[in-house]
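Q: Sequence:
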Amino acid sequence: MANFKDIKGFIFDLDGVITLTSKYHGQAWHQLADELGVTWTKALADGLKGISRMDSLEMILKAGNKENDYTEEEKIRFAAKKNDNYLTLIGKMTDEDILPGIPAFLKDLAAHNYKICLASASKNSPIILEKLDLVKYFPIVVDPSKLKKGKPDPEIYVRGAELLHLKPEECIGIEDAAAGIQAINGAGETSIGIGDATELSAADIRFARTTDMTLVNIEAAMKINA
201 MANFKDIKGF IFDLDGVITL TSKYHGQAWH QLADELGVTW TKALADGLKG
251 ISRMDSLEMI LKAGNKENDY TEEEKIRFAA KKNDNYLTLI GKMTDEDILP
301 GIPAFLKDLA AHNYKICLAS ASKNSPIILE KLDLVKYFPI VVDPSKLKKG
351 KPDPEIYVRG AELLHLKPEE CIGIEDAAAG IQAINGAGET SIGIGDATEL
401 SAADIRFART TDMTLVNIEA AMKINA
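First residue of the sequence shown? That's 201 in this note's numbering, and the numbers climb one at a time after it.
Careful, some of the hints might be misleading.
Unchecked claim - Here are the simulated lysine-lysine pairs, DSS-like style, with alpha carbons at most 30 Å apart:
id, residue 1, residue 2
1, Lys-292, Lys-208
2, Lys-336, Lys-292
3, Lys-292, Lys-223
4, Lys-307, Lys-423
5, Lys-323, Lys-223
6, Lys-346, Lys-249
7, Lys-336, Lys-323
8, Lys-348, Lys-208
9, Lys-367, Lys-348
10, Lys-307, Lys-367
11, Lys-367, Lys-262
12, Lys-249, Lys-205
13, Lys-292, Lys-281
14, Lys-281, Lys-307
15, Lys-307, Lys-336
16, Lys-249, Lys-281
17, Lys-323, Lys-346
18, Lys-266, Lys-281
19, Lys-223, Lys-367
20, Lys-205, Lys-367
21, Lys-275, Lys-242
22, Lys-349, Lys-249
23, Lys-323, Lys-307
24, Lys-223, Lys-331
25, Lys-331, Lys-249
26, Lys-336, Lys-208
27, Lys-205, Lys-281
28, Lys-223, Lys-208
29, Lys-349, Lys-208
30, Lys-223, Lys-281
31, Lys-423, Lys-223
32, Lys-323, Lys-275
What the hints assert, rightly or not - Label-pair ranges, simulated between beta-carbon atoms:
id, residue 1, residue 2, range
33, Gly-237, Phe-204, 50 to 58 Å
34, Ala-280, Pro-303, 32 to 40 Å
35, Thr-414, Ala-379, 21 to 29 Å
36, Glu-235, Met-201, 45 to 53 Å
37, Asn-265, Pro-303, 40 to 48 Å
38, Ala-243, His-365, 42 to 50 Å
39, Lys-423, Met-254, 40 to 48 Å
40, Asp-343, Ala-310, 16 to 24 Å
Calculated from the structure, these hints are not laboratory results. Note that the structure is a prediction, hence the values are computed from the model and not measured. Glycine is no exception: its CB is placed at the ideal position from the N, C-alpha and C atoms.
From just these sequences and the hints, can you work out the full model?
A: Take a look at the structure:
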């Protein structure tokens, strides 16, 4: 792990770190399931987490024994409709949806002249940043459509460091999922995990809550783990 004094940039994941968009994905899939006549259950909702759009649709259709009822073209239309539902829902987001402690942390990073980048797999992240009124903190956003591989591959974090014009060892990446921590570590950057200690055991530094993530706490953790 790097020394705190060598850190010049922070690369953020979006969902689970800055805000929670998973609930909106769930609501959008629920709407589509209702339209398709598929019973929505908690088990189905939990099974969709972290799954691609088309795989999620297949899971919903299978839950209703409808996986063979539609053509590929119809399935593509259903997936597009889900995304439209999702965009409508996130259109109602405001700065009230930012996770606790994040506005103060971003303000502190800016005050100390750290470079900041967003590294989210979501193609909708620029829209979400706008709704949260956080665009001013994220002049640099990795475009996931230009990447060849998704997390846990390190490509998105490697690209983030490149866009910041920093070496990997000068960057800290922040994630809430094991695949994201694997991506940060694979890029040669210092990893911060937000959440469950067991799931995020590979993180260099872990905080239980977003409110615990401050420059003072990060510096202290890096000294302890050095």
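Q: The structure should be examined with respect to each hint, and the outcome stated for every one.
A: Against the structure, the hints:
1. Of the pairs offered as hints, the one joining Lys-292 and Lys-208 is violated, with about 34 Å between alpha carbons and a cut-off of 30 Å exceeded.
2. For the hint linking Lys-336 to Lys-292, the alpha-carbon distance of about 20 Å falls within 30 Å, and the restraint holds.
3. Pair hint Lys-292 plus Lys-223 holds up; C-alpha atoms about 13 Å apart against a cutoff of 30 Å.
4. At most 30 Å may separate the alpha-carbon atoms for a hinted pair to count; Lys-307 and Lys-423 meet this at roughly 23 Å.
5. For the hint pairing Lys-323 with Lys-223, the CA-to-CA distance comes to about 17 Å; that is within 30 Å, so the pair holds.
6. Using a Cα cut-off of 30 Å, the hinted pair Lys-346 and Lys-249 holds, with the two alpha carbons roughly 23 Å apart.
7. Restraint check for Lys-336 and Lys-323: satisfied, since their Cα atoms lie roughly 19 Å apart, inside the 30 Å limit.
8. Proposed proximity of Lys-348 and Lys-208 is supported: the alpha carbons are some 26 Å apart, at most 30 Å.
9. Restraint check: the Cα-Cα separation between Lys-367 and Lys-348 comes to about 21 Å, which is no more than 30 Å; the hinted pair holds.
10. Taking the CA atoms of Lys-307 and Lys-367, the gap is near 23 Å; set against the 30 Å cutoff, the hint holds.
11. Proposed proximity of Lys-367 and Lys-262 is contradicted: the alpha carbons are some 46 Å apart, above 30 Å.
12. Taking the CA atoms of Lys-249 and Lys-205, the gap is near 37 Å; set against the 30 Å cutoff, the hint is violated.
13. Between Lys-292 and Lys-281 the alpha-carbon distance is near 18 Å, which keeps this suggested pair within the 30 Å criterion.
14. Taking the CA atoms of Lys-281 and Lys-307, the gap is near 37 Å; set against the 30 Å cutoff, the hint is violated.
15. Taking the CA atoms of Lys-307 and Lys-336, the gap is near 10 Å; set against the 30 Å cutoff, the hint holds.
16. This hinted pair checks out: Lys-249 and Lys-281 have alpha carbons roughly 18 Å apart, not beyond 30 Å.
17. Only pairs whose Cα atoms come within 30 Å are accepted, and Lys-323 paired with Lys-346 is accepted, the gap being roughly 10 Å.
18. At most 30 Å may separate the alpha-carbon atoms for a hinted pair to count; Lys-266 and Lys-281 meet this at roughly 17 Å.
19. Note on Lys-223 and Lys-367: the hinted pairing is violated, with a Cα-Cα distance of about 35 Å set against a maximum of 30 Å.
20. This hinted pair checks out: Lys-205 and Lys-367 have alpha carbons roughly 14 Å apart, not beyond 30 Å.
21. As the CA atoms of Lys-275 and Lys-242 are separated by approximately 23 Å, the hinted pair is consistent with the 30 Å bound.
22. Restraint check: the Cα-Cα separation between Lys-349 and Lys-249 comes to about 19 Å, which is no more than 30 Å; the hinted pair holds.
23. Note on Lys-323 and Lys-307: the hinted pairing holds, with a Cα-Cα distance of about 25 Å set against a maximum of 30 Å.
24. Annotation: proposed proximity of Lys-223 to Lys-331 holds, straight-line Cα distance about 16 Å (limit 30 Å).
25. At most 30 Å may separate the alpha-carbon atoms for a hinted pair to count; Lys-331 and Lys-249 meet this at roughly 23 Å.
26. For the hint pairing Lys-336 with Lys-208, the CA-to-CA distance comes to about 18 Å; that is within 30 Å, so the pair holds.
27. At roughly 48 Å between alpha-carbon atoms, Lys-205 and Lys-281 are farther apart than 30 Å, so this suggested pair is violated.
28. Using a Cα cut-off of 30 Å, the hinted pair Lys-223 and Lys-208 is violated, with the two alpha carbons roughly 33 Å apart.
29. Proximity of Lys-349 to Lys-208 is assessed by CA-CA distance (about 26 Å); at most 30 Å being required, the pair is judged to hold.
30. Taking the CA atoms of Lys-223 and Lys-281, the gap is near 17 Å; set against the 30 Å cutoff, the hint holds.
31. Taking the CA atoms of Lys-423 and Lys-223, the gap is about 36 Å. The hint is violated against a cut of 30 Å.
32. Between Lys-323 and Lys-275 the alpha-carbon distance is near 20 Å, which keeps this suggested pair within the 30 Å criterion.
33. Gly-237 and Phe-204 have their C-beta atoms about 55 Å apart, which keeps the hinted 50 to 58 Å range intact.
34. About 34 Å separates the C-beta atoms of Ala-280 and Pro-303, a value consistent with the hinted range of 32 to 40 Å.
35. Remark: the range hint 21 to 29 Å for Thr-414 to Ala-379 is upheld by a beta-carbon distance near 25 Å.
36. A hinted range of 45 to 53 Å for the beta carbons of Glu-235 and Met-201 is consistent with their spacing of about 49 Å.
37. For Asn-265 paired with Pro-303, a C-beta distance near 46 Å keeps the hint of 40 to 48 Å intact.
38. For the hinted restraint 42 to 50 Å between Ala-243 and His-365, the CB-CB distance of approximately 46 Å keeps it satisfied.
39. The given range of 40 to 48 Å is respected by Lys-423 and Met-254, whose C-beta atoms sit roughly 46 Å from each other.
40. The hint said 16 to 24 Å for the Cβ distance between Asp-343 and Ala-310, and at roughly 23 Å that hint holds.
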